[in-house]
Amino acid sequence: PFEGELIIGNTATISPWTVNNTGSHHTMIVNEDAFIDIMGTSISNGDWLGLFYTNETGDLVCSGTLEWNGATYAIPVQGNDETTDEIVGFVAGEEFTWMIWDVSEDIIWQANATYIDEMPNAGEYMTNGISAVSSITAIPPIIDQTIELLEGWYMISTYITADNMNVADLFSEV
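In terms of my numbering, the sequence shown opens at residue 17 and continues consecutively.
There's no promise every hint is true.
Stated by the list, open to error - Derived DEER-like restraints, expressed as beta-carbon distance ranges: (1) S58 to E167: 44 to 54 Å; (2) L165 to E72: 52 to 62 Å; (3) V183 to F51: 18 to 28 Å; (4) T130 to N36: 21 to 31 Å.
Just so you know, these hints were derived from the structure itself, not from any lab.
Computed from a predicted model, the values in this text were never measured in an experiment.
Virtual Cβ for every residue (Gly too), placed ideally from N, Cα, C.
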């Protein structure tokens, strides 16, 4: 089902993320004609894709990367090393989290992937498993939020992180 050159792993010398080899992996295929999009624009040669797992402290950690150059890629996505007490890779059944690094803008985007159903493992890690993507699309950032404030006292919460988090400045227009 895949034609043309297949690149195994990552041959670049400069990577935005570090990946540790754990001895177990899942193969992720990114076909040269996969739709990979950042806010309506296809990624460029030299941009990076990364697959991330969640460690025991809730942080996202890279477990597989590729530098995009328009070929078909097989990314070895590292699984957890069961001989350690800490989580150092994907665990069985964990969903893949994708990131795209737009090199020209120096912006890292979280992304959603659509998987090819004919592959055995789709979007979840399995040691010695294989998945393939048909598309990877950057998730648009949340840049505003509307909070209705009627008369009275309120306790509110927001998911926005502003450049200036001073409350007086944030509510200056209200």
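Structure-inconsistent hints, enumerated in ascending order: 2 and 3
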